[in-house]
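Novice: Input sequences plus hints: build the corresponding full structure.
Heads up: the sequence shown is residues 81 to 246, going by the working numbering.
Keep in mind that the hints were calculated from the coordinates and are not lab data.
Note that the structure is predicted; figures quoted are calculated from it, not measured.
Careful: at least some of the hints might be erroneous.
Said to hold, decoys possible - Quick list of simulated restraints, FRET-style, between CB atoms: (1) Asp224 / Glu166: 51 to 57 Å; (2) Asp224 / Arg194: 47 to 53 Å; (3) Pro165 / Trp241: 49 to 55 Å; (4) Thr227 / Gly97: 24 to 30 Å; (5) Pro165 / Arg110: 50 to 56 Å; (6) Asp85 / Lys167: 55 to 61 Å; (7) Asp192 / Gly121: 15 to 21 Å; (8) Ala206 / Ser246: 20 to 26 Å; (9) Lys167 / Ala217: 48 to 54 Å; (10) Ala206 / Glu166: 50 to 56 Å; (11) His190 / Ser222: 43 to 49 Å.
For glycine and all other residues, C-beta sits at the position ideal for the given N, C-alpha and C.
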Amino acid sequence: MTSSDAVAVDVAVVGGGLAGLATAVHLARRGKHVVCIEPRGWPHDAVGESLEFSAPTLLEDLGISLTTEEQRYLYPKMSVRVLGPEKEFTVWPPRWWAGPPIWCSRLAFHADRRELDRHLLELALASGVVLLPERVADVHHSSDRITALTTSQGTTIRARWYVDAS
Numbered sequence: 081m082t083s084s085d086a087v088a089v090d091v092a093v094v095g096g097g098l099a100g101l102a103t104a105v106h107l108a109r110r111g112k113h114v115v116c117i118e119p120r121g122w123p124h125d126a127v128g129e130s131l132e133f134s135a136p137t138l139l140e141d142l143g144i145s146l147t148t149e150e151q152r153y154l155y156p157k158m159s160v161r162v163l164g165p166e167k168e169f170t171v172w173p174p175r176w177w178a179g180p181p182i183w184c185s186r187l188a189f190h191a192d193r194r195e196l197d198r199h200l201l202e203l204a205l206a207s208g209v210v211l212l213p214e215r216v217a218d219v220h221h222s223s224d225r226i227t228a229l230t231t232s233q234g235t236t237i238r239a240r241w242y243v244d245a246s
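Specialist: Structure representation (structure tokens):
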């Protein structure tokens with residue numbers, strides 16, 4: 081895109097991490113024309129991170145199964161242990177987490193973010209998401225409604241909805 085470009089879409093998602101790409105994929109699969117704006121480009125160089133108990137269901141909705149052989153970038157993590165000079169103790173999850181009134185799983189996952197981001201990127205492209213490796217420089221508004229975004233490269237993006245996943 082050049083500095084004189086103007087983009088009109090249904091949804092502009094600002095931020096292309098896990099939340100931004102997942103949101104963009106869900107919306108594009110539901111027929112929305114989506115642009116995802118992320119200055120770092122894709123895939124990101126990222127350190128792994130923990131995903132909590134709802135991650136399997138949310139990832140399954142995107143088509144990322146935790147049970148397939150080719151997707152070996154999500155590893156079950158049952159606890160976090162601290163090894164000190166005088167004692168060892170578990171800091172996550174607290175025992176009450178799986179009891180009433182919460183009833184949540186005590187299972188979390190450690191994700192290889194580079195691989196997970198790569199897979200989400202493939203899903204976004206296959207879903208028709210337009211990826212824009214630029215930074216939002218200005219937000220235009222009328223009263224309390226956003227009317228457009230302008231990127232550091234001068235691209236103007238007009239959308240019916242804006243999602244901040246930055």
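Novice: Could you tell me whether the CB distance from Ala206 to Glu166 stays inside 50 to 56 Å?
Specialist: holds, 53 Å
Novice: Please check whether Thr227 and Gly97 have a Cβ separation lying inside 24 to 30 Å.
Specialist: holds, 25 Å
Novice: Lying within 20 to 26 Å: is that true of the beta-carbon distance Ala206 to Ser246?
Specialist: The hint (20 to 26 Å, Cβ to Cβ) holds, given that Ala206 and Ser246 are roughly 24 Å apart.
Novice: Is the distance from the Cβ of Asp224 to the Cβ of Arg194 consistent with 47 to 53 Å?
Specialist: Violated, at about 39 Å.
Novice: Quick one: are Lys167 and Ala217 within 48 to 54 Å, going by C-beta?
Specialist: holds, 51 Å
Novice: Cβ-Cβ distance between Asp224 and Glu166: within 51 to 57 Å?
Specialist: Given range 51 to 57 Å: holds, Cβ gap about 56 Å.
Novice: Measuring from beta carbon to beta carbon, are Pro165 and Trp241 in 49 to 55 Å?
Specialist: Given a distance of about 53 Å, which is inside 49 to 55 Å, the answer is holds.
Novice: Quick check: does the Cβ-Cβ distance between Pro165 and Arg110 fall within 50 to 56 Å?
Specialist: holds, 54 Å
Novice: Taking the beta carbons of Asp192 and Gly121, is their distance inside 15 to 21 Å?
Specialist: holds, 19 Å
Novice: Could you tell me whether the CB distance from His190 to Ser222 stays inside 43 to 49 Å?
Specialist: For His190 and Ser222 the Cβ distance comes to about 45 Å; the hint holds.
Novice: Quick check on a hinted range of 55 to 61 Å for Asp85 and Lys167, using CB atoms only.
Specialist: Given a distance of about 60 Å, which is inside 55 to 61 Å, the answer is holds.
When each numbered hint is compared with the structure, a violation occurs for hint 2 only.
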